[in-house]
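Enquirer: Okay, here's what each chain looks like letter by letter:
Protein chains: 2
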Amino acid sequence: MKTYLECIPCFFKQALFAARIVLKDEMDIKHVLDRIGAILPHIPLESSPPETGREIYRIIREMTGIDDPFRELKAQSTDAALGLYPALKGVVESANDPLKTAVRVAIAGNVIDFGANPEFELEKDVRAILETQPAIDDYSLFAKKLGKAKTVLYLGDNAAETVFDKILIETMHKPVVYAVRGRAVINDATLEDARNSGLHKVATVISSGCDAPGFILSTCSREFVDHFTIADLIISKGQGNWEALSNADRPIFFLLKAKCQVVATELGVATGDTVIKYAPGRG
Amino acid sequence: MKTYLECIPCFFKQALFAARIVLKDEMDIKHVLDRIGAILPHIPLESSPPETGREIYRIIREMTGIDDPFRELKAQSTDAALGLYPALKGVVESANDPLKTAVRVAIAGNVIDFGANPEFELEKDVRAILETQPAIDDYSLFAKKLGKAKTVLYLGDNAAETVFDKILIETMHKPVVYAVRGRAVINDATLEDARNSGLHKVATVISSGCDAPGFILSTCSREFVDHFTIADLIISKGQGNWEALSNADRPIFFLLKAKCQVVATELGVATGDTVIKYAPGRG
Chain A
27 MKTYLECIPC
37 FFKQALFAAR
47 IVLKDEMDIK
57 HVLDRIGAIL
67 PHIPLESSPP
77 ETGREIYRII
87 REMTGIDDPF
97 RELKAQSTDA
107 ALGLYPALKG
117 VVESANDPLK
127 TAVRVAIAGN
137 VIDFGANPEF
147 ELEKDVRAIL
157 ETQPAIDDYS
167 LFAKKLGKAK
177 TVLYLGDNAA
187 ETVFDKILIE
197 TMHKPVVYAV
207 RGRAVINDAT
217 LEDARNSGLH
227 KVATVISSGC
237 DAPGFILSTC
247 SREFVDHFTI
257 ADLIISKGQG
267 NWEALSNADR
277 PIFFLLKAKC
287 QVVATELGVA
297 TGDTVIKYAP
307 GRG
Chain B
27 MKTYLECIPC
37 FFKQALFAAR
47 IVLKDEMDIK
57 HVLDRIGAIL
67 PHIPLESSPP
77 ETGREIYRII
87 REMTGIDDPF
97 RELKAQSTDA
107 ALGLYPALKG
117 VVESANDPLK
127 TAVRVAIAGN
137 VIDFGANPEF
147 ELEKDVRAIL
157 ETQPAIDDYS
167 LFAKKLGKAK
177 TVLYLGDNAA
187 ETVFDKILIE
197 TMHKPVVYAV
207 RGRAVINDAT
217 LEDARNSGLH
227 KVATVISSGC
237 DAPGFILSTC
247 SREFVDHFTI
257 ADLIISKGQG
267 NWEALSNADR
277 PIFFLLKAKC
287 QVVATELGVA
297 TGDTVIKYAP
307 GRG
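Keeping their order, the protein sequence lines are chains A and B. Note that my numbering has the first sequence beginning at 27, numbered continuously upward. Note that my numbering has the second sequence beginning at 27, numbered continuously upward.
Errors might be hidden in some of the hints.
Same chains, same label: a pair holds when it works inside one copy or across any pair of copies.
Straight-line alpha carbon distances no greater than 20 Å define the calculated SDA-like cross-link-like pairs of lysine to any residue that follow [unchecked claim]:
no.	residue 1	residue 2
1	Lys39	Pro67
2	Lys39	Cys286
3	Lys39	Gln287
4	Lys39	Ala290
5	Lys39	Thr297
6	Lys150	Asp237
7	Lys285	Tyr304
8	Lys176	Ile256
9	Lys50	Glu98
10	Lys285	Glu145
Treat the hints as calculated values from the structure; they're not laboratory data.
Working from the sequences, and respecting the hints, build out all of it.
Expert: This is the structure we're talking about:
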């Protein structure tokens, strides 16, 4: 997905949110916003929002000297998600179609987002999503293709959402490679966050090698790109990954909640809708 | 009121909204945002938001060559407001306390705002406000001070809101000087807009001499400042005027709807609340 002009105010909003977590002085925070103002002319509208996100969070790291501003928030939300795990696991196991319910659970985990959706209320939002019909629902195709797949590549999004992804992975009964960010960015999951939610017990966890909040293939590691090229089935979680990969050449199942008007419009749904969308890929 | 860091994303959002009205090419619109990015370091947090608003809309005028991007929207909303006039007038005239109801009507008109509140729905929002108790309600004091006042200075805000102000002015039965912006900025009322809503029939309409979306006294005309200094009673409409005059040295009645979190927090109310607030002034 390209960058829309509407993304620009949102870049400042997200940068402010992140800078406020680690900086106390208002002028120091303003200097971060000033720097983002200065790079605006160098943000091409043809680039995807995660490419700009990468630049913004690089600026925040550089100006604050803090590598992972969201570390504490990520730990707290992972603990909260682990607290919900037994109940969600029970919901899946007692469901008529456990796989279908596990997909919904995985999408519900996508509410955990301090970038586009910092006002989420975990338990309430999760329960609402479990009861909501996705606005785009390619679940039947997903179940069919999953049945035939020998290898699955799972593209992670936020920390704590990883706990919800673990439930889907446990329900799929397939060998899964789970890819996370190459470096801390927003509250997205890193290797450390994936381990904290126990993902390493059910999947091979790898790094994308890329520090953007989305898989920008041209900057990902060779290891990741190899998995991306050969996997029988690719599952992609969240907006950032969709923004980065909506024009990719491989077939992908996108599971996400549309959190902003721009992404909702691109998908042809309403803000707040959930989506199980199969994109056949350009290849 | 000072500028909060939260105002910065909002400056970009408002500039985008205004630029979209007059520019068709996405790159031309982006250049407007780039220019605002470039002036960010020169926006002091000690200045009030309307001071920055003035700079932003100067940039939009300069880069688009269009003096009043909102002219058509202002004409449409004035027509819509004039359409509601007979019904609102009837509500006031049949009320137990016509002045109290007219004050509510004037506040209801403050929903018309293509800056902080572009998604308003005129008739629905007006009816809701008429039935809502203001979160700060200094109406009794207002009625008392109005009774003693020989001269009233009324500080206008948006075009079309002027129609609602006219109803309050007709109900006050006092000589009123009504001040508007010195030049088109957002959808704020100018001399032309005031005339289009018939305000000149019930008040002496003057210009502030200032092109900001708020009365910044240091840049207002001598004529305006004289009225501001000697008026027995000052009524100020809307957020922009409150932001510019919240620390003024003269007593002022502020009538407004709190449209953003920053202003709501400063006033100690919730976003969406209405306010009849007496500020005794520093003088």
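Enquirer: Determine for every hint whether it applies to the structure shown.
Expert: Hints and how they fare:
For the homomeric pair lysine 39 and proline 67, the shortest alpha-carbon distances inside one copy (18 Å) and between copies (17 Å) are both at most 20 Å. Taking the shortest Cα distances, lysine 39 and cysteine 286 sit within 20 Å of each other both inside one copy (13 Å) and across copies (14 Å). In this assembly of identical chains, lysine 39 and glutamine 287 lie within 20 Å of each other by CA distance both inside one copy and across copies; the values are 15 Å within and 14 Å between. With identical chains, the CA atoms of lysine 39 and alanine 290 are at most 20 Å apart both within one copy (19 Å) and between copies (18 Å).
Taking the closest pair of Cα atoms, lysine 39 and threonine 297 come within 20 Å of each other both inside a single copy (18 Å) and across two copies (18 Å). Proximity of lysine 150 to aspartate 237 under the C-alpha cut-off of 20 Å is found in neither arrangement, the shortest distances being 31 Å within a copy and 47 Å between copies. Taking the shortest Cα distances, lysine 285 and tyrosine 304 sit within 20 Å of each other inside one copy (19 Å), while across copies they are farther apart (40 Å). With identical chains, the CA atoms of lysine 176 and isoleucine 256 are at most 20 Å apart within one copy only, with a shortest distance of 11 Å there and 83 Å across copies.
In this homomeric assembly, lysine 50 and glutamate 98 come within 20 Å of each other (Cα to Cα) only inside a single copy, at 16 Å, whereas the closest approach across copies is 44 Å. Taking the closest pair of Cα atoms, lysine 285 and glutamate 145 come within 20 Å of each other both inside a single copy (11 Å) and across two copies (18 Å).
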